[in-house]
Each structure stands twice: as structure tokens, then as C-alpha cells.
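For the record, the sequence lines run as chains X, B, F, P, C and L.
Residue numbering for the first sequence follows this note's numbering, starting at 175 and increasing by one per position.
Residue numbering for the second sequence follows this note's numbering, starting at 175 and increasing by one per position.
Residue numbering for the third sequence follows this note's numbering, starting at 175 and increasing by one per position.
Residue numbering for the fourth sequence follows this note's numbering, starting at 175 and increasing by one per position.
Residue numbering for the fifth sequence follows this note's numbering, starting at 175 and increasing by one per position.
Residue numbering for the sixth sequence follows this note's numbering, starting at 175 and increasing by one per position.
Take these hints with a grain of salt, some might be off.
Unchecked claim - Only pairs whose alpha carbons sit at most 20 angstroms apart, straight line, appear in this in silico EDC-like list of lysine to aspartate or glutamate:
| # | chain 1 | residue 1 | chain 2 | residue 2 |
| --- | --- | --- | --- | --- |
| 1 | B | Lys393 | B | Glu263 |
| 2 | P | Lys393 | C | Asp345 |
| 3 | P | Lys393 | C | Asp336 |
| 4 | L | Lys393 | X | Asp336 |
| 5 | F | Lys393 | B | Asp345 |
| 6 | F | Lys393 | F | Asp190 |
| 7 | X | Lys393 | L | Asp190 |
| 8 | B | Lys393 | B | Glu243 |
| 9 | L | Lys393 | L | Glu243 |
| 10 | C | Lys393 | C | Glu243 |
| 11 | P | Lys393 | P | Asp241 |
| 12 | L | Lys393 | X | Asp345 |
| 13 | P | Lys393 | C | Asp369 |
Keep in mind the hints are simulated off the structure, nothing from the lab.
Number of protein chains: 6
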Amino acid sequence: MRIALLNPNSSQHITDRMLAEARRATGDTCEIFGLTNAAGPTVIRSRVDNAAAIDGLLNMARTLDADVEAVILGVSMDTALDALRQMLEVPVVGTTEAALATAGMLGGRIGLLTVGRALTPLYGELATSYGYAGRVAGIRGIETAAPYGAGLAQEVCAMMLDAVTSLSRDDGADVVVTVAAALCGYVPAIAAQADVPVLDGIACAAVQAEALARLRPRKASYGSFATPGR
Amino acid sequence: MRIALLNPNSSQHITDRMLAEARRATGDTCEIFGLTNAAGPTVIRSRVDNAAAIDGLLNMARTLDADVEAVILGVSMDTALDALRQMLEVPVVGTTEAALATAGMLGGRIGLLTVGRALTPLYGELATSYGYAGRVAGIRGIETAAPYGAGLAQEVCAMMLDAVTSLSRDDGADVVVTVAAALCGYVPAIAAQADVPVLDGIACAAVQAEALARLRPRKASYGSFATPGR
Amino acid sequence: MRIALLNPNSSQHITDRMLAEARRATGDTCEIFGLTNAAGPTVIRSRVDNAAAIDGLLNMARTLDADVEAVILGVSMDTALDALRQMLEVPVVGTTEAALATAGMLGGRIGLLTVGRALTPLYGELATSYGYAGRVAGIRGIETAAPYGAGLAQEVCAMMLDAVTSLSRDDGADVVVTVAAALCGYVPAIAAQADVPVLDGIACAAVQAEALARLRPRKASYGSFATPGR
Amino acid sequence: MRIALLNPNSSQHITDRMLAEARRATGDTCEIFGLTNAAGPTVIRSRVDNAAAIDGLLNMARTLDADVEAVILGVSMDTALDALRQMLEVPVVGTTEAALATAGMLGGRIGLLTVGRALTPLYGELATSYGYAGRVAGIRGIETAAPYGAGLAQEVCAMMLDAVTSLSRDDGADVVVTVAAALCGYVPAIAAQADVPVLDGIACAAVQAEALARLRPRKASYGSFATPGR
Amino acid sequence: MRIALLNPNSSQHITDRMLAEARRATGDTCEIFGLTNAAGPTVIRSRVDNAAAIDGLLNMARTLDADVEAVILGVSMDTALDALRQMLEVPVVGTTEAALATAGMLGGRIGLLTVGRALTPLYGELATSYGYAGRVAGIRGIETAAPYGAGLAQEVCAMMLDAVTSLSRDDGADVVVTVAAALCGYVPAIAAQADVPVLDGIACAAVQAEALARLRPRKASYGSFATPGR
Amino acid sequence: MRIALLNPNSSQHITDRMLAEARRATGDTCEIFGLTNAAGPTVIRSRVDNAAAIDGLLNMARTLDADVEAVILGVSMDTALDALRQMLEVPVVGTTEAALATAGMLGGRIGLLTVGRALTPLYGELATSYGYAGRVAGIRGIETAAPYGAGLAQEVCAMMLDAVTSLSRDDGADVVVTVAAALCGYVPAIAAQADVPVLDGIACAAVQAEALARLRPRKASYGSFATPGR
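I would like the entire structure built from these sequences, with the hints used as guidance.
Structure follows, in C-alpha cells:
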């Protein structure tokens, strides 16, 4: 099964980290390849960045071969997700969408973990749009510049564990999921010490892309997700 | 007061119709000028069109002079509204956002009227994102190719009146508002025969842009609407 | 454009403060005059006060001339708003309703700022009734007896700024709006130091009354807002 | 146990019908007496009527003796319910509030049955304010002038049964409750033929007033329901 | 009026405490008897306990005589409530359901008080299922092993009062209700010192069972609450 | 990967049909085996059946070997899902839960298709509990006794297609999913003729069980999903 991971930003090292996590999650059942949006911003950490990434993202999507069976949208803002879904013949999965859907099958209330406090409301908006507003226990953004270095930063692990514990104990989260490419790779290092399950959002997107591809859903021919112009 | 109307599609005649409606609504207190997105699709009637319009739309927004005091986003899908809001120093108003906020001050339940039935769910998604899901009585899309001709098409007036009556009588709408550039100019021709108030969405956006400009709100320096990179 | 500001309480000095704020917001495009409910309570700060003000408020509304084009309901509890809306031929705007609708076009999540902590749930109920429950980041009531004195009390400014900062930083508010006649006039003194936009609720009501008047909506002839007895 | 039934309108015959229904429901455990608002409108069938009834209603409430243990607010619009609740030392129950709370313990989804289609949105607003929006299957208003005559009008019984069947079969209501003083007395005549339980709203209010009185709740001394001015 | 109280756990002393509270609430108008589920877990304090109690609970319900007029489900998790409601000809009331419905008629926002913090999300799920999510101010679980001893533990009273005060002052609860059999009997000892009304959940269920029985609702013959197999 | 499919009813032929569908969906990456609840009702088509199946279902779950990596709860009422999730060390997926989560990643609004109209509200309750109430376009129950015969009944295919078309065209569903074991196997026969994607709920549960198993989430040690008694 061939799956494409589209990175709307221009940082190849982020694509690489996401690919590594996606491949670890799906194992050898899938062949996942990545595309990096050379025309996008270096990183997406604002609403403007998000919008600015769309043009190149759509162009990348148009280059996909017919043998791609599903698409992972590798960005926690789920950039232009509905447009890609309408445009393509195969399933497209957003990272935060998949994070919520997956975590939601492990417990009642979901904690979200990201980088940067000022942007946490964005994830609340996404959760509302998917219907998960009432199930989000809390959204925490750790403040660190460390996560993109080589290897895992111990400081980040400690901050993540603190946030997970607070999400669980103070906010009542039954499960926590990361929604930040910058946190890719950290979950295995902390999961065993957490008191609730902790998932990686990119890993969720990868297994969901595989799941949807298995179902081979027909493309809509009516409604707002039908291919435009038909 | 100088107000810019940004049309994300490339059709100058749509810009002109929206400008005429916006000017009629605000009278001589505002000077409203229009910009048309030459790089956009001819018309925006799908999720893909909506995404494809964003790049040119952001570029248009970047050209605005410092003396512009507010921006009307002249498209009922409220394309990239949150990105424009973050990017610019002055208020930006989306058409459907303004339609809901304005109509909501004239009654309890709101009817939305657009062109094309298959796309009506998109307006439901927007209403949900703004918090108005529980106040939307119904969303009707009339099926017609007529509205862009010269003058008002009698057929369209009749279809609109039928839809307004059904929204009021069957769905319980206390007020109806159009959310379609294609319907610009029609409201005065039918309002007197309707049994609830009928508003034009572009007119709503225009008076809201003026209202927000009067308040001269400070730009956010913190949070997800602060200017990026500061 | 002639606009009436109805004050349901009996305090002329509150009417005067609200008028000053309303006029500052709308500039010279409107002529705003105020009516004070001599039969009302001195101030409205309870559910009972609110109900007790209604009879005189309805009587004031009945005295309005035909040349009034919109009505500002100058009280943050939006006293009898739906009854006035049904009774009158012209648009009626509630203060908290306008505060939410206006602030909601400047950001995603709204902070409300009032006087007195015990009454904050009332604003939550109003927000729910308008559909804004999911968009209210927080409601803060500062505890002070100062605001009705001559000039601005420095103590009040400091408390307001603290509350705004907490609403923004702790609760995630993208914009803050005052919902208390007692806080009229304070916003300009603090807005420049706040990290999100801060609006005055009465100013919001004033610009919204003007906006609705510009649209000249027809009166409903069917449904629960049609003139009774027709 | 002494319970007062307050009728905000001025029609003694409506008070009498509601009293008969309330007494039938509670049996001989309660002594229920009625007060009619001589200063109120003849009947409450609009938002304006509702507001116009409040002043006299508050005055009636102020006359209640200390031995009254609960109050039935005998009007389906739950006129000034929160103000009465704050004002009085004893529990106050609104008719529609009680109808929803009671019916909600007999099934999942609730059908509401009233007189007059144009006013049905008002009941939707009340249901939303109490949290029952998601549990209302439908609201039907039968169109008839008959119900206030002597005895039961066969025409009304037939219309009610049709509406109950449609609420059950088409809308999925598990239980139906009347919210209209005009329909008092009809439920026993139709309940046996209905395929879901049918309750009378006034009867619900009566048994709820008794239930709350039995619990002898302490009056709040803090918050928005504490007696004003303390 | 004969009312059965079903205790899904196997602890007779819990049945006895609940019976005492139910009888105190309803006085001599009802004859309430208790059944204890010998096949159930000793206490229900997990989702698994809750499920494990169901089989015996259904069996107990099948033994009820035809002269039982209502059933109190004496457990705050409202175990198998919808199944019992469908199975039996007479009304069945859940403890938390009744707690929310009853408390909701004394104020706007409701505080819930239970034993054990880790389980508080369960009550949030129940509140959501009944439509009360938006009205729950907070859910507090006190941590104590004391409540099942003889007499009232002073330590528990103190913890309860602290929680009630925090629910009122910090969370904005207008009324607080206990949802824990373990807290039965404590409310009279603390209510007078609380600043909002405090109710006992079992007492609420008892008066609601009586209220529903008075209405003698017909059994549904259609829909998901009709007796199975008919 | 070993996955168990638990059928809470006692019908082996239903287990077989569900297994066939689950295996078709997951292909050869999983080894799925089925367990049938000999102590359960023949079929689960009421709330009472649902409760009556729980005891045997819990017992089946207790027999699972340590090498089982995920569990499919093969029943569209998601019987005792939260208890199984707490009890077991590995992920457990409910059919309707998985149907909603999966379908929700293919479009905005979801149509549900089941057998029997009277029970459709049950699926609405489940959707509400998962947060999907606002995304359910409609729930249709076809009326037929045919689906359990050998092979596919043409009559059922026709009824399903009609329902799918109505869900899409009348209700605005972007995707439809079956929630009824009785409809297992039908989706491939109709999907190509439908104008939106149609999924099988059991297939969704199967791919979701696989997806969750891949993530190897740690068991919660705190909160309401931690193993009881630890």
C-alpha cells in the first residue's frame, strides 16, 4: 500500500521526522513516501503561515500518482484538509483530525499537547469543527525551542511528562495525544512513565491513512466533496 | 473612512456587483474600493476553488495602504478569513460571518439563502465555526444559472421568495440573509413581499466593516491573531 | 440618523455616560438621544432588578417617534430585548448581544469584563442564548465600588488591565469586551496597554444600531417577532 | 403543603383550569391556591405579552404568605422565572421547565405540543436555555381557536393525537408533553390512544413544585439567586 | 404509593442508608422498600463494576409486583437506566438524572459532589447524555474513606463544605447536589452553612419517583422504550 | 496481529458474517477470530437486549489470551464498550464508534443506515455521547426482515440505495455508514451506484482495531479507564 505524506512547510528535516514516525507506526504493511512543499514557509506556526502554505500544498497534491492509496496531511493545523479531500480520489487524513479520532477510541476525554501556548486556541477551533469540543479535557502548549535538535532533548521529555500529568490529574484527560510535528519521536520516550496512554499525532494520522485505504471508499459524485467541475 | 473590498475570485463583474451593494448599504460615510484577485478562479463554488484563491488573496491584502480602515472579504465562504485577520492591522469582516452576526440581531433563528443545493453544507460548517449552528433554521440553495445576467432575473426573484417563505413557515426562520455574491442586488426587489426581514450578506459585511472601523480596535500583540513573527 | 438609547434604570448619570460613549463611537453620522426609566431601579444588578425594570422600559419604548431608526438597549443584561424587538418597527440592539457579535468579528475567543463576581453567570446565560457559549473564553467581574465617581478611577483601570491580561493569557481570549455600564469610558484609558483588543460594550451597541439602521430591514409580518395582534 | 399557582395573565378561567389540572396531579397531599394577575394581558401569546405581564406578576409574588412552600409559575413561557426564583425564599417552578425535566425522565427525546405554529420557536429558545435543545425531537403547534370553550372539543383531541403521532413516528419523540395552558385537561382524553406517554405541562409543574418543596432547600446567600440587596 | 428502591450493589447497609434518605425526603406519602442485588459487586466504583451489576439488577427488576408505582435506581452511575425504563411498566428514575433535573430547577448552574476524584469524568458523561453538560459548573470528588462508618464523620462534613464553597465561589454553581450513595445523610448536617442550596441525590431521586408516579404515564407502545417483543 | 471479535448475541451466523466482513477489510495483516456470547439474546434489538447481553460479554472478554492485541465489539449498540475498555489491557473498538470516527474522516456530515425505524434514536444517543451529534446528517432505518437469508437480498440492496440517496440528497450526508450487523456484506453490492462513499460499520471497526493495535498504547494507570482495583 503506497501512502503519501505531504508536508506543507519547506523543512525537509521535519518531513524526515514525520516519515520516521509514520513508518514506525505502520510497520511494513505500507510504503510511505514524503513530499516537502518547497514553496511553503519554513515552519507553520501562525494562521498566516497556514494560509501561505496552501498554494504549494495543492500543487504537490496534483503531482500524486494514481497508485497512491491514501494521503497523510503532515501538519497539525490540518491545512486545507477539506480542499485536498475534495480534490483527490483517495482518502486524506489530517493530523489533528486523526489524533482526535484515534485518541477518542481509547477513552472519554482527550488531552492535546503541542508546542507554544499562544497557539493553543487554534487546536480548540479544529476540535470544535470536528465535533470534539466537548471531549477535549485540555490543550497544553509547552514552551521550548529545543525539539528540533538532534536526538531527544531531556528538557522536552520532562516538560511533556509534566503536561501529560496535569492534563490527566487536573483536567481529567483519559488519553493524551501530541499535535505538533516538533514533538515527533518523543512519545516512546515518555509513554511508559505517563499515567494515561500517550499517542503521537503523526502516528495516528499514519495508521488512519492505512485504515481508510483498506476500506477503498468510492469517491463522492455528489455534494461538496465531489470532484469539482464534474 | 476608506474600506477595501477584496474579491478572491477573478471576475471583475462580481466585484462590481458587490461594490454596488456595499456602497448602497453604507451610503456616503465610507469610500469603498474593490480589488479583484486576478490569480483566483473565475468563481468560487467548491472547496478546491476556495483554497486555490488564497494565495492571490493574501497577495492582494499585502498591497493595502495604511489608510485603509477596514476590509470586506467579499466571498460567502469567508476564504482565509482568520489568516487575513491575523495579517492585517485593521478589522476584516467575512461575508457569511457578518451575515450571521447581523441577522442574529434581528431575530432568534436565521435562514440562509444561497445558490446551489450541493454546497449548502459548507455554510453549515461556517455557522458552526462561528457558534451559530443552533440558531440556523435552515439553509436553502436555489438552483439557477440566471443571476449573473444584466438586470434582475424574474425567475430568480420568484425562487428567492419561495425559499424565504419556506425558511420562515417551514423552518421557523425569523430573518433570512443571502450568502452568495450571485444574489447581490436582489434583496430590495423581494424584501417587501417577504414575511420576515431579508438581508443581503454583502450589505451586512459592509455595514459591519464600517462598524468595526469606527471602534478603532488595537491590534493584538499576543495570541493567535497577533502579527506573525513579532 | 436618529437613534434612541433606552436606559432601563433610573439613573440619569448612567444614561449620560452611556450616551457619551455611544456618541464617541458613532461620531457625527448619528444623532443619539437618551431616555431614562424613571420607574426603574436605581441600578440593575440582580435578576429581580432586571425584571422590575421592564414595565417602565416598555412604556418608554412606546413613546418613541416614528423618525427613530434604531434603538440601543443600554443595559448589559439585555433586559426584555426580545419583547422590544417584537414591539418596535425598527432594529433594537442589546448591549451584551452587540458586545459578543462585534468582538466575535475580531477574534475567535471572547473575554467578557464586568463589575462584580457573583453576577458573572448571568452573562454566561446570555452568551448561551445567543449561541456564543463555545466562544466565551472567560467572564471576569472586578470587585470595586469606584467606577461611578467623577473622572476615571486609577484603581479601576489597574483592575481592568489585570483582568484583561488574565483573560488573554490564562483563558485564551483573543479580544475582550466590557459588559457593564459602570465601566463606560474606561476602555480608551487602558486599550493601548492591553495585549488584545479591548472594546466597550455600549460602543459596540451603538455602532451595531447604526449598522442595522443602514440596512433598513422590513418588519416581520409572520412569526414570533411580528407585531402582536396583527 | 401549601403551594401557590401564579397566573401571569388576567383570565380567571385559565387560572381555574390550571388549578384543576394541578390538583388532579398532586392529589390531596397539597393545598394549591391560585392568583390571577389582574394587571396582566388577557392571554400571553407573544413576547410583548410576556414582558407586559411581569410587573403584575412580581407584585403578586410579593403578596405570598410565609406558609407557602413552593410556587407554580402557571404559564408555558416561564415568564420572569429567574427573577421570581431569586426573589422568593421557596422553590419556583416554570411550566415548560418542569415539562422538559419531567418528560426527560420518561424517555430520551421529547416532543412539545402547543397551540399556534408561529410561536413554536419560543419553546425552542426555552429548551436551549435549560440545556434540552439536543433532546427536543420536535415542537408542534396545532392551529385551533377551540380549546377554551366549555368541555373538551373533539376537534382539539383529534388534532392533538395527530400531532403526538407525528412527533413519535416522524420526529422520534419518546414522550410528548403539552406546553400551553389552553390544552389543560385534554391529556387524559387522548393519552390512552397515543403510542408514547403524553403529559400535561401544568401537571408536571405541580408535581415538581411538590417535589422541590419536600426537599426544603435552603435559600442561596451567594450568587445570582441570592436575595437582592443582602 | 409503593415505590421500589433498587440497589445494584450487594451492600445491604448502603441500601439502608439510601432508604432512610428516600423516606426522609418523601415523608409518609410513599411506602418505599429496598432490594439489594446479592449478585452485584460490593460497591460500584468503576465502569467494570457498573457493567457487572447489570445482570442482577435486571433480575431484581423482573421480580417487582404489579402494585409498585415507580422505581428509584439507587446508584449514582444510573446503571442500565434506559434498559430498566424500557423493561418496566412504571417510571424509573436514575439518581444522577434526578439530581440534575431537580437541582436544575433551583438555579442555573449545578455543582456535583461525589467521592473520589478519578471518577468525576463519569458524571460529566452522564450530564452530557442528559443534556446538562452546559449547566454543570463543576464536579468535585472528595478523597476520604470515612463516609460508610456509623454516624457522620466530621472530617467528611468539613470536606463537603469546602467543596460546596469552591463550587459556588470558584465555579459559579448556583446549587450543589451529591451524587454518591456514600454521602447519603450528610446534607442536613452541612446545608445550613453552605452559601447555595445543597441537595442529596438520593432524596432527589425519591421525590422524582413520587412525582412521576403521580402523573401515571402510559407505557410507550412504539419506539425504543416500548416493551420489547411486542 | 491477533484481534478478537466479540459478538454479544448468541447467533453464530451473525458472528460469521461479521468475521467475513472484518477479514475482507483488514486483509492478511490480521488474524481475526470470533467469540459468540452463548448466554446472550439471539439478536440485540432493544435496550433490554443490550443490557441482557452484558454479563456474558464480560465473561467472554475475561477469557481472552494475552496475545490478543485488540478487540472488535461486534454490535452496533456498542454494548458495555466503556467497561470493556477499562477491563482489558488492549484497545477495544465499538462498531458505531468506529463507524462515526472513520466516516468522519471522509467528509463533513455523516449518514447512518440501520434496520428498523423505531430504534434509530439509539444511534443518535450514541453519536451524541461520542461528540458527533452535530455531524450526523440523518439516521435511516430500512424496514425489512430479509437481510439474514443466504446471499444478498435484492430488495435490501434497493432499500439501502434509496436510503443512501435520501441521506445524501435530502439530508446532506457526505458519507454513509451502516450500523447493523444485519447489513454486513451488502456495502460492496451497492457502493458503486451510490453518490457518496458508503462504508460498512463492521469493516470500520476492524480497520480501527488494527490501527489502534499498531500504536500499542499503554494501559491507563489513573482515571476512570485504569484497571479496577489497582
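To see whether the hints hold, each was checked on the structure:
Proximity of B/Lys393 to B/Glu263 is assessed by CA-CA distance (about 6 angstroms); at most 20 angstroms being required, the pair is judged to hold. Distance restraint check for P/Lys393 and C/Asp345: the Cα-Cα separation of roughly 19 angstroms lies within the 20 angstroms cut-off, and the hinted pair is therefore satisfied. Restraint check for P/Lys393 and C/Asp336: satisfied, since their Cα atoms lie roughly 18 angstroms apart, inside the 20 angstroms limit. With a C-alpha separation of about 18 angstroms, the suggested pair L/Lys393 and X/Asp336 falls inside the 20 angstroms cut-off, and the hint holds.
For the proposed pair F/Lys393 and B/Asp345, the alpha carbon gap of about 19 angstroms is at most 20 angstroms, so the pair holds. For the proposed pair F/Lys393 and F/Asp190, the alpha carbon gap of about 30 angstroms is over 20 angstroms, so the pair is violated. The straight-line distance between the Cα atoms of X/Lys393 and L/Asp190 is roughly 29 angstroms, outside the 20 angstroms bound, and the hint therefore fails. Between the alpha carbons of B/Lys393 and B/Glu243 the distance comes to roughly 12 angstroms, so the proposed pair stays at or under 20 angstroms and holds.
Our distance criterion of 20 angstroms between C-alpha atoms is met by L/Lys393 and L/Glu243, whose separation comes to about 12 angstroms. For the hint pairing C/Lys393 with C/Glu243, the CA-to-CA distance comes to about 12 angstroms; that is within 20 angstroms, so the pair holds. As the CA atoms of P/Lys393 and P/Asp241 are separated by approximately 15 angstroms, the hinted pair is consistent with the 20 angstroms bound. Under the criterion of a C-alpha separation no larger than 20 angstroms, the hint pairing L/Lys393 with X/Asp345 is consistent with the structure, at around 19 angstroms.
At roughly 8 angstroms between alpha-carbon atoms, P/Lys393 and C/Asp369 fall within 20 angstroms of each other, so this suggested pair holds.
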